[in-house]
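**Q** For reference, the chains in residue letters:
2 protein chains.
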Amino acid sequence: MQLTTPLDMHLHLRDGEMLDNIAKCSASTFSGAIIMPNLVPPVRTKEEVVAYKERIMKAIGDERFTPYMTLFFKPSYDKVFLESVRDEITAIKLYPAGITTNSEGGVSGFDVEELRPALEAMSELDIPLCVHGETNGFVMDREAEFVSIYEKLASAFPKLKIIMEHITTKESVEVLDKFENLYATITLHHLLITLDDVAGGMLKPHLFCKPIAKRPEDREALLKIALEAHPKVMFGSDSAPHPKHAKESCGCAAGVFTAPIALQVLAELFENKNASLENLQAFISGNAQKIYALSPLAKTVTLEKKSVTVPSDYNGVVPMYADEKIAYSIKEIKNG
Amino acid sequence: MQLTTPLDMHLHLRDGEMLDNIAKCSASTFSGAIIMPNLVPPVRTKEEVVAYKERIMKAIGDERFTPYMTLFFKPSYDKVFLESVRDEITAIKLYPAGITTNSEGGVSGFDVEELRPALEAMSELDIPLCVHGETNGFVMDREAEFVSIYEKLASAFPKLKIIMEHITTKESVEVLDKFENLYATITLHHLLITLDDVAGGMLKPHLFCKPIAKRPEDREALLKIALEAHPKVMFGSDSAPHPKHAKESCGCAAGVFTAPIALQVLAELFENKNASLENLQAFISGNAQKIYALSPLAKTVTLEKKSVTVPSDYNGVVPMYADEKIAYSIKEIKNG
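Going line by line, the protein sequences match chains F and D. At position 107 of the first sequence (counting the first as 1) the number is 107 in our numbering, and the numbers step up by one without a gap. At position 195 of the second sequence (counting the first as 1) the number is 195 in our numbering, and the numbers step up by one without a gap.
Hint data in this document are derived by calculation from the structure and do not stem from the laboratory. All values reported here derive from a predicted model rather than from experimental measurement. Note that CB positions come from ideal geometry on N, CA and C, so glycine has one too. Every clue listed holds true.
Looking from chain D toward chain F, a few residues come up when the C-beta cut is under 10 angstroms (computed):
no.	residue
1	136
2	199
3	203
4	247
5	250
6	252
7	253
8	318
Isolated chain F (complex conformation) (with noise of 0.2 angstroms):
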């Protein structure tokens, strides 16, 4: 099975050892990846994203890979500092305050009036809006409660491309076609568990995240649009590190990390749901390229049907799947 130019539309590199410790788990099999601006401090100026692009390629050594960069959303952008900096970001990442793994500094009101100046200049500059949509609300209700807000940036901002990143609702695939500007990513863990894999047996710190998976019915929405791959939908991993020791304690940190088996456990879900190569790969990333215009890297996956364990963990970081059979490896990877 060949799967061409992957492409990772929601990517957690972090920074310091742990970049230099797992971006090639990501830059070795995609042609590229969203990068997450969620930083401490935050990727908030034109020199923050060119140093922070300039650590990734000193990360990802001699992979063929490109880190399309983002800023981390403030209301005060105006359209002077966005033009500024347009030729060195992909996508502007809004995060409501204190949501998720540093998040403190995001929006904490969502007024239109307020939130103008910075997304018509980002429409104009045809910038895509990433947004994580959750209120802070009940955990099983925060993503459906966002809902409203995404309806309302869509009227207000009909030129505005917003990605409604790592849904995990039925509700978030229902509003998905009732705007022409709304477009999503689908992460691989969303596919695959729900509350009841991490809360359901014993606790499984290694697949809690945020959103934290729903139920079974939201995952058989998201599988729906996945398999069919939907041309508003997109592969975003949202793969998100921490040290083992971080998520193995008395406060369990956020975050699935599934980089480096993303592709093979993805081949083997559109497998098992018999859905087609065309559509995987369209999910994978030709929606992508042509939601974001994007003309990646050019690489060609090889994967075969070969049963490999999962290792217990890449770096001090644990995969999901860790010590587990998987029944796709990768064989060969092409750049070209």
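Since chain F is already given, all that's left is putting chain D on it; use the hints.
**A** What follows is chain D alone, placed relative to chain F:
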């Protein structure tokens, strides 16, 4: 504030080293407790229940405390057997198979005719049936789905006292008054937390339990009947110790350890919610004495409003509120 003869109507004391390590956490402050039988192997014979009680008595040393013993329900228990064991037990605990810690040998169907011989014998001998009421459905629905089984059992065996253990949902609260022979225990932690506290911010393994904490409206329903000391409701801590490493690991065991702080935190909760001391006394002892027809050992616990920091652990078991301040502390415990 004085509480007399506090009773914990649902307690896990475990066995071996763990029993020795934590038994006094309950035995020092409570007059007695219903002891869960889900050891490995479960407590299923007269010899086992007698021997387990002896081990408990040894572990509590010179504390004045009654372990109210239970058997692990088997549909094959007949009247001859139950008569032979009647004097050694206070209740029998039914676990659906595989639903929680050490419940593998539980009931896997709820066929009334299959259960009739055992449950009619229990009715005749006035042995209450304590039930862990969860199906094997989606984790947030399991208890609500079990309500129809409670209804079936309560109407098929109208003389059988059925205790809905550690209820967590408004659905369980609603069914309580529909059948004269249904009663319930409520834990401390389910009066305090929702799923938000377990998985809404960081993941908190020490708050992970079965049944899992539910929605805010569920907690409100539980609080209402606890604070008003609804006569069919009793305190049952479900205090369930696990070693720290079994909680902070890649597969965390279910259970919250509340035994050493239960009375203090209940005092604070009832005060904060403007519920009377009389109601707390009924919730912590009076209701249970009437429902189970018990005459517990006299014990008077004097609490004072004096903030203390809860220890990080008790012999390696991390309690609820570890390293946090609670408003009440125990000033004096008097036998008699």
